[in-house]
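Student: Next come the chains, spelled out residue by residue.
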Amino acid sequence: MSRLGVFVCHCGENIGATVDVTEVAERCKHMPGVAHAEDYKYLCSNPGQNKIKQAIEEHQLDGVVVAACSPRMHEPTFRRAVTDAGLNAYMCEVANLREHCSWVHEKADSTTEKAIDLVRLQVEKVKRNKPLDTIQVPITRSALVIGGGIAGIQAALDIADSGHKVIMVERSPALGGHMAQLSETFPTLDCSQCILTPRMVDVSRHPNITLLTYSEVEHVEGFIGNFKVAIRKRARMVDEDLCTGCGECLQKCPTKNVADSFNEGLSMRRAIYVPFAQAVPNIPVIDTENCRKFQGKKCDRCAKACPTKAIKFDQKDQIINVEVGAIVVATGYQVMGTERFPEYGYGTYPDVITGLQFERYASASGPTQGVIKRPSDGKEPETVVFLACSGSRDAAKGVKYCSKICCMYTAKHAMLLKHKNHHAKAYVFYMDIRSAGKNYDEFVRRAIEEDGVKYIRGRVSRIYEEDGKLIVKGADTLLGGEPVEIKADMVVLASAALPNHGQGELAQKLHVGTDPYGFVAEAHPKLRPVETTSAGIFLAGACQSPRDIPETVGQASAAAAKVTALLSRSHLAREPLVAEVNRKPAPQFSDCTGCLLCETACPYQAIGHEEIKDRNGNVLKTVAKINPGLCQGCGTCVSLCRTKAIDLHGYSNEQIFAEIMSL
Amino acid sequence: MDVLRNKARDLLAQGQVQVVIGYEAGTGGARRPSFVRSEADVARLVWDADCVGNLAGYLTRAEIKKMGKIAVVANAATLRALLQLTAEHQLAEGAVSALVVTEEGAVLELSNAQAVTEHVATLPASLSAADREKLDQLMALSREERRAFWEQELQRCIKCYACRSSCPMCYCGSCTMDCNRPQWVPVASHEMGNLEYHTVRAMHLAGRCVECGECGRACPVGIPIHLLTCYAEESVRRQFGQPAGTSATLNYALGTFRPDDQETFIR
Chain L
233 MSRLGVFVCH CGENIGATVD VTEVAERCKH MPGVAHAEDY KYLCSNPGQN KIKQAIEEHQ
293 LDGVVVAACS PRMHEPTFRR AVTDAGLNAY MCEVANLREH CSWVHEKADS TTEKAIDLVR
353 LQVEKVKRNK PLDTIQVPIT RSALVIGGGI AGIQAALDIA DSGHKVIMVE RSPALGGHMA
413 QLSETFPTLD CSQCILTPRM VDVSRHPNIT LLTYSEVEHV EGFIGNFKVA IRKRARMVDE
473 DLCTGCGECL QKCPTKNVAD SFNEGLSMRR AIYVPFAQAV PNIPVIDTEN CRKFQGKKCD
533 RCAKACPTKA IKFDQKDQII NVEVGAIVVA TGYQVMGTER FPEYGYGTYP DVITGLQFER
593 YASASGPTQG VIKRPSDGKE PETVVFLACS GSRDAAKGVK YCSKICCMYT AKHAMLLKHK
653 NHHAKAYVFY MDIRSAGKNY DEFVRRAIEE DGVKYIRGRV SRIYEEDGKL IVKGADTLLG
713 GEPVEIKADM VVLASAALPN HGQGELAQKL HVGTDPYGFV AEAHPKLRPV ETTSAGIFLA
773 GACQSPRDIP ETVGQASAAA AKVTALLSRS HLAREPLVAE VNRKPAPQFS DCTGCLLCET
833 ACPYQAIGHE EIKDRNGNVL KTVAKINPGL CQGCGTCVSL CRTKAIDLHG YSNEQIFAEI
893 MSL
Chain C
2 MDVLRNKARD LLAQGQVQVV IGYEAGTGGA RRPSFVRSEA DVARLVWDAD CVGNLAGYLT
62 RAEIKKMGKI AVVANAATLR ALLQLTAEHQ LAEGAVSALV VTEEGAVLEL SNAQAVTEHV
122 ATLPASLSAA DREKLDQLMA LSREERRAFW EQELQRCIKC YACRSSCPMC YCGSCTMDCN
182 RPQWVPVASH EMGNLEYHTV RAMHLAGRCV ECGECGRACP VGIPIHLLTC YAEESVRRQF
242 GQPAGTSATL NYALGTFRPD DQETFIR
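So the protein sequences, as listed, match chains L and C. Its first residue numbered 233, the first sequence is counted upward by one per residue in this note's numbering. Its first residue numbered 2, the second sequence is counted upward by one per residue in this note's numbering.
In isolation and in its complexed conformation, chain C is listed as follows (with noise of 0.2 Å):
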């Protein structure tokens, strides 16, 4: 932890940075954000295994953008969103430099998108075991029960838009869901809107999401609402091998016109 605040309080001496985003103490053990801006405030900083946070969604807000070069405290999910959000041209190249600190505790600083790619490749597949499991139990129910399971879950989703809110992809200044003329989506949080807003959603990230698990996390009433994202990204992933978070080019696998395509139907 100390090579850590030390780090940073290198990086924000030297004006190499403004900020660095990291994680600290919250209420009840938990991590939560922390933005530093003075080296007064580095010994704030922490790093254990509880800091599960993606920080990526703050990168792309204007008002972080506008404190200057940030330095962020990246665990796997945040450096494969920084190369999704790069890749999506929402991040200039070399703005943000990662911060990743190794099982040995040394800190590594990954100030380009070259290094962070070489860097994720290392990493191993992001989905935690628990939610492997989970989604693996959703996916051998037949798709009547799966259905019927999402609209018991669903039931109680308050449309508080928290899992848009903590999406580092959902980055767009206005969403669909905001959209009214026209009306796409109903805005009241009914079973058939609720049902709307949370498919729409797993589409627009299929080939996107970076597996973080920050929106099941948000979510006030506990929906494990990730599990439809991280399902529709690997479906992506299996069917079309374009996988989201593994490099800086865009590579969209529902978004890509080839004329060599497999199905001679596109051509």
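So here's chain L without its partners, still in its complex pose (with noise of 0.2 Å):
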């Protein structure tokens, strides 16, 4: 027989003023197997805790049920204190009186007879528990960090400086991402790629770190600690070994007409190409879809032009299998295209710009060698119109969240015309401004009061072309809804950022949980900002929503501290609540007919198959085996076993079964 301990706390008021606790350990008492039953006003202080450890050696108590809040709450606490009295800590159970009783009902005599079963149920759980010890799982101690923006490369820098080897995939031929694309940053209007190169470089000079860009992630398995992850390195047609990125090829290449994607489409570039100057790695890509060689021309000209014969027109793609304990991931984000406003004239108005593309005439490394000037007859636009909030915070329209960048970088936009261009009026249509940073608000007023960008707070409703000017019908709310229309040169759009491209497919191979818009999404939004559903899978920056560089570093380097706190241990425990396939004497061996229906049924592939082989190594059976250090305890194959075989510890059938007839 059982000698159980049950304790019911008050939680304060929270479960006393509800449920009558002294009743409840009163019957408590009279329950078969209960040898100790008494109530305290709060179990989860210390002197309730030490109510706990003291019964537990006076009365030789082998199994507890606590009768508290929810488990997620204190079911630590509490098996650390009976695993301190010399139990098992899964000899402890936690029934739910708070949630599950007296937050949920009135004061009655019936919630306290709920509250009675409701402990019962874990009594006759508890009787039927077994001492489990939880699993070591060897962690390899390398990461492998997703993305080779700003966010990326900052986790990898810092994993790296910790002495943790870094794999580091970069879907681009290089490094950088949307930051080397900015021109200057707010609020200090430093230039985005003097600040961001040095780092670009410290990733590729940097011994704990293995660069592979134009490559990406085609599949993983494995679980924390221990990733097996495949890695597609495209081909570049170009032998990184032997290139010095002397840039000959890039000369002699005849085809000069490819939109450049660095350049978001406002400059052309070859079909051989380093996407920009500063580039890492300094190492061309040939663009198989524009090179001549490959649509069956004759052309050769950048192979001939290369001084080391490194380039390689039969280089393959290759898979490189990698092992690693943490992934971070940091993918980044797109921007809402033009094309997506069908006010703003479905992307037909050459003058009508994202402002990424801004960004890039801003540039002093961009198509224009940082002139603004606009895209239909390259002449330098006087009068520029903003508009904020350009598909962001607009639920029929665009996406209902705010993109929380675009009210400083059209900020910064404005005032960036205003100082290369003294004599041009900037305009920005605004719903609200939210310049909530460091410096932010501060740098917002300098545009207004310093820059004399007007600021108008009202949406535009329609922008199209007449006589070369492009007129912005608006209104101003803070004149009433009084209409507003501008001939503008230029309209620069504060697109909405969206979900990078490829990142549904992404967290899928990744198992990790998405929000509603595609997001990655994080494990608690305040208490767990860095993690993501799936445990040693953490995210960095805009892959988790739109946010700024400061805080995208930050976020990186958190990211880079949960990492380096995983791989500083040898050995990761897990609980041990894993579904295990049962053993039985010979004939049998086991339940398990080895039909491997749960094979595919496991959400994380958990389950493989094992022989059972005889002294003589001759396979007798052959049976489902589940990997402890994979399973979750989901138990979609206990329900799924036709004869039972497999069980989870902790909540096997034959206690889930007592607790049910127990009522």
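These are calculated hints, taken from the structure and not from any lab test. Just so it is clear, the structure is predicted and the values come from calculations on it, not from any experiment. Glycine included, every Cβ here is placed at the ideal spot set by N, Cα and C. Hints should not be assumed to be uniformly reliable.
Unchecked claim - Straight-line C-alpha distance at most 30 Å; calculated DSBU-like pairs for lysine-lysine:
hint, chain 1, residue 1, chain 2, residue 2
1, C, 67, L, 857
2, L, 816, C, 70
3, L, 488, L, 611
4, L, 484, L, 536
5, C, 135, L, 845
6, C, 67, L, 816
7, C, 70, L, 853
8, L, 857, C, 66
As the list claims (entries may be wrong) - Covered by chain C, according to a simulated footprint, are these stretches of chain L (three or more residues, beta-carbon under 8 Å):
hint, stretch
9, 827–833
10, 872–878
11, 882–889
Stated by the list, open to error - Per label pair, the in silico range of CB-to-CB distance:
hint, chain 1, residue 1, chain 2, residue 2, range
12, L, 460, C, 149, 39 to 47 Å
13, C, 41, L, 821, 53 to 61 Å
14, L, 835, C, 145, 31 to 39 Å
15, C, 149, L, 349, 29 to 37 Å
16, L, 349, C, 190, 51 to 59 Å
17, C, 140, L, 816, 36 to 44 Å
18, L, 760, C, 190, 33 to 41 Å
19, L, 434, C, 240, 50 to 58 Å
Hints in hand, dock the two standalone chains.
Tutor: Here you go:
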């Protein structure tokens, strides 16, 4: 017979006011197998925990039921307490009298009866509990960083500096991400590339970082501490070991009319190219979709020009398999294109551009060497209208959320325009100005007060072309909705930041959750902001939601700290609440028939098979095998198994059945 | 029939198989399973329209497997069961040859899953016309009427488990019904326990039933119990498009987790 202790908590008034706690404790004393029951004001307090410990010793208890708040709250507390008194942690169960009873019912006899029932369930369960030990899983002490923007760069450097190996995967041919495209950064107006490029070089030189550009994550399996990742390293058609980055090949390429994605399509590049002058690595890529050679024409001018014979037209994609203990997702964002705005011309007016395109014009490394021009005729615009919240905060036509960065960069854009062309007029249409951040509001005030940017509170209903001008029709809601019409030379849409393309597929490969917009979901919005819903996978930067550089860098360092903490251990302790395939004496060996229907049902790929062999190595039976390191204890296989060969430790069929039958 | 006997004789004589499982004459004109292990016994084999039983159920038995390589005289249901058993890793690929008698009287030897799969694809729907009609009649009833029908029928069930023993897909060494820690389903054959047993069995066969009707034929009290599993199978096929017994690779609707599932709650 079990000797169980039941401890009923008042939780101050939380439980005590609705449930007759003393009555619960009294009635529990008479349950079969219960050797001791008592109630206490706050069991989670130190004196409360001591009561449990004392009772375990005094009454020689072999199991404990704590009737208190949700086990999510204090299960670890009470499990620690019973461990201190010499019991196995998993011989303690929590009956949730607060969330499941006192908070949801009125004070009544039936409420107390329900509380007693809830305790009875756990009493029946604990009677059948078995001591369990935490699972020790070895950790591969290296990390994978997906994305080579500022978030990935910062995370990789921080992890590498702490002495762990990092593999960094970047989809494009060079590091830098969106930050490399920016001109100046708010609120200090320091040059984006000037502060970024040293970091890029640090990554490429760091002895602990393996950089894989022009590569993508192909496949991920495994679990925290033990991920196996297949990375597709796409063929550059240029041998990275031989190439010296001299750039001879770039000059000779006859294909000159490919839209340059680094310049947001505002200039043309060749078919063999380096995304930008300061690119890391400074190794060209052949764009096979546009290269004459790959379109079946005769051309090998780049190969002829190459002094080191680094051009390899027969290069193939490589699959690189790596093992890592942690993964940081830093895949960034993309901006909504102008074609998404019917009222602003569906992208048909060349002089309606996105904020990111404006950045390229304003950038010294951009298509106009930093002179702000307009795409249609290359003239310098005199009147520029900036539209904040283009697509953001617009549930009907765009996205519901605030893209967060636009208020600040719009102020910056208007300011840069005024700095570069003192006669230019800058108008900003806005809904609200959201400039919370260190020196942010001062920055916006500076744009308005010192640089004379005209801020108009209102939305723009329509833009159309007339006599070479863009007519911007809006309303000034501070003047009582007075219609406003501006004849502009150029319009810049601060268009919404969206999850990066391919984000959804990557999230599925990684088994991480996404929010309704498609951004990677954090494990807890407040308390676990850099962890994903999958253990061992962390996130940094705008793949979680739109954010600016300081926040991204801070978050990347936070993710790196989490990774470092994980990798600093040699083993990982996991909850032993995992499923297991049973064993039986010969000739059955197991109830498992080896049908392996469970294998496909497992959402965590934790199920494989194993052969039961005799002494001579002959296979007697093939049965399912659950990897305890991968199993999350969801129980899908348990319910699927026809022969009940699978049982979940801590929640066995027998325990659940006994709970139900006790009612 | 002679072609079949000759084929069986050849296989046994050349040692390609150690046993041919087929049909022989039983009492009252019925056909019963025949296990032919020597050339001398080949004459016992018969083949005609009365050979409706599903012989696949024997293929997974340890005592049969021990005999060596097997050839089985297969009707459509046996072939489907053969595929499903291969998919569920109960038969090793190539361990069993299927002997199919064509309408022209020729005998095809299908010695691997590929060949069986291709042959099964040419066969018509597995449910017999009579069963089809009965099932349609049942589905035309209201839920209450249907429940009343099954309660009435299952009252007669004596829990002899003949349906389970005859079913080729009920190959489990230990059945949930026999599990007594915990005792999921009461042992006695009372109304509730009977309903529980047959509901659980239908659920276990949903997406796996090859619709051979063997359980219905095996029932000593004449409950058309196969209609229950056939209906479960049909529902799965209709709703998920994953039919049982058509492929030797696992395609089990109730056990498939796919990140691109059409239901968003599961992702």
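Student: Which earlier hints turn out false for this structure, listed by number in ascending order?
Tutor: 5, 12, 13, 16, 18
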